[in-house]
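Protein chains in written order, with numbering that gives the first Met the number 0: chain A, 0 to 100; chain B, 0 to 348.
Read the hints as simulated data drawn from the structure, not as lab findings.
Incomplete in silico selection of chain B near chain A, CB under 10 Å:
hint, residue
1, Gly177
2, Asp250
3, Thr313
4, Arg317
5, Gly346
Note that beta-carbon positions come from the ideal geometry of N, C-alpha and C, so glycine has one too.
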Amino acid sequence: MDPTPLIAACLLFVASTAIGMANVRKIITIYEAKHELKQGSAGWIRSISGWTLVVFWLLITWFLATIIGDWHVSGDLDGAIDRSWLRLQIMLEIMAALGSD
Amino acid sequence: MEQQRAVTQSEIQCQSCGGQCAFDPAQQDLLCKSCGSLWTLATEDDHKAAAEFPFNPDAPMAEPPILLGDQIHQCQTCGGEVIFTGPALSETCPYCDGPVVLGIEDKAYATMALVPFRIDRDYATGRINEWVSGRVAAPNDLSAFAAEGRIASIYAPFWTFDSREAIEYWASYTTGSGDNRRRHKVSGKMNVFFDDLLVPASEHVTPLIRDGILHDFRPEYLRPYRAGYLAGFAAERHTMPVRKGLRLNADDKDLLIRNKIKKRVGRKNTKVDSYRTDTTGIHYRRILLPVWILHYTYRGTAKKVVVSGIDGRTYGERPFSPWKLASYSALLTALIMAVGLVWGATGIL
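Let the hints inform the model, and build the full structure from the sequences given.
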C-alpha cells in the first residue's frame with residue numbers, strides 16, 4: 000500500500016490544526032460576544048465579524064481531505080485532482096458568496 | 000475652594016455622632032461608619048437628574064471648562080485622575096493599580112448626574128469569579144491568578160448622546176451564482192434616532208467593555224451629582240469637551256448606521272457603498288456610572304475584568320490556553336478531515 004496519501008493526511012492534519020488555533024479563538028470570541036455583549040452594539044458587530052474565515056478554514060480542510068481520500072482509494076493523484084474540479088467550483092462559489100456578505 | 004471642600008465634608012458627616020459616612024449600595028443611603036445611622040440622599044428633585052442638554056456643533060465654544068480646584072489623585076502609571084470622597088482614600092489607582100500622588104485639579108467639566116452603586120463588593124467579587132471560571136479554553140491557573148488581583152470601585156465618566164440622523168444612502172447587493180451572478184445598486188433615504196448612546200469619557204473604559212457591561216441604560220436610575228453618592232468610592236472627572244465625545248463616538252455611529260442601512264436594504268450580501276447624514280437634535284448628558292474593576296496580571300500581562308455597579312453584568316480581558324486551542328482545533332480538524340476523506344473515497348461528487 001502506498002503510504003504517501005497517509006503522510007499527506009498527517010501533514011494536512013498538522014497544518015490545519017496549527018492554522019485552526021486562531022479560528023478556534025475566533026469561534027470562542029463570537030460565542031462570548033453573542034452571549035455577553037449587547038446585541039446590535041458596535042462592539043457586538045465588530046466581535047462577530049470575521050466568522051467567514053472560520054468557514055474558509057473548514058472548507059479548505061474538507062476539500063483537501065476529499066482529494067487525499069480519493070487518492071488513497073484510486074492510487075492516482077492526478078485523477079483525484081481532476082475529479083475534485085466540480086467540488087472546487089462549488090466551494091469557490093460558497094466562499095465568494097460568504098466573502099461578499 | 001475651601002468652602003466647597005467644607006460643604007462636601009459636611010454632607011458626608013453623620014448628623015448624630017459627627018462620624019464619617021459612606022454610601023451604602025444596598026440601602027441607597029449614607030451609612031455612618033461609627034454609629035450605623037442611615038441618612039437618606041433622596042430629594043424631590045431627583046427626577047431632574049435625567050434631564051438632557053442641547054448641543055450645537057456649530058457654536059464656537061459651547062461649553063467652557065470650569066476650575067473646580069478639588070484635590071485629585073493622579074496615577075503615576077496611567078495618568079488617570081480620580082477624586083476620592085470620604086473614607087475611600089487610596090494609594091493606588093482604581094484603573095491600573097499604579098501609585099497615585101495628591102494634587103490640585105486643574106480644569107474639568109461639571110458632571111450633571113450619576114447612577115449610584117447598586118451592588119456591593121461581595122456581589123461584584125462573586126460575579127467576577129463566575130465570569131473567570133466560565134471562560135472557554137482559558138488556562139487552568141487563570142482563577143488562581145485572578146484571585147490574586149485587586150478589586151476597586153470607581154465612578155467612570157460617560158456621555159449619553161441623542162441625535163436624529165436624516166440619511167441618504169447608496170448600497171449594492173449581489174444575486175445568483177457563477178455566470179448568473181449580478182450586482183444590483185440601490186439607494187434611498189431613511190431617518191434614524193439614536194437615544195442615549197453611551198460613550199466612555201475615559202480612556203480606561205473601552206467601548207468593548209461598555210458593550211459588555213452596560214446593556215440597558217435606564218435614565219430613571221440617574222441621581223443628581225452629590226458628594227454623598229461618591230462617599231466611599233473613587234470617581235474620575237469629566238475632562239473632555241462634548242465635541243471630543245462626538246468624535247470618539249464617530250466610528251461606532253458609522254458602524255451602527257451602516258448596519259441599519261443593510262437591514263433597511265434587507266438583502267443578503269449587501270455592501271454600503273456610501274451614505275450622507277444630516278445630524279440634528281444633539282442632546283447630551285455628562286454622567287458617572289459605577290463599575291467594579293478587577294486588576295490582575297497573567298504571566299506578565301496586565302488585564303482587567305469590569306463589573307457594572309448597576310446590575311452586575313461582567314466583561315473583561317482574558318488569556319487563552321494555547322494547548323486548549325490546539326486541542327479544540329485538532330478535534331475540529333479531525334472531524335472535518337474524516338468527512339472529507341470518506342467523501343473523496345466514496346466518490347460522492
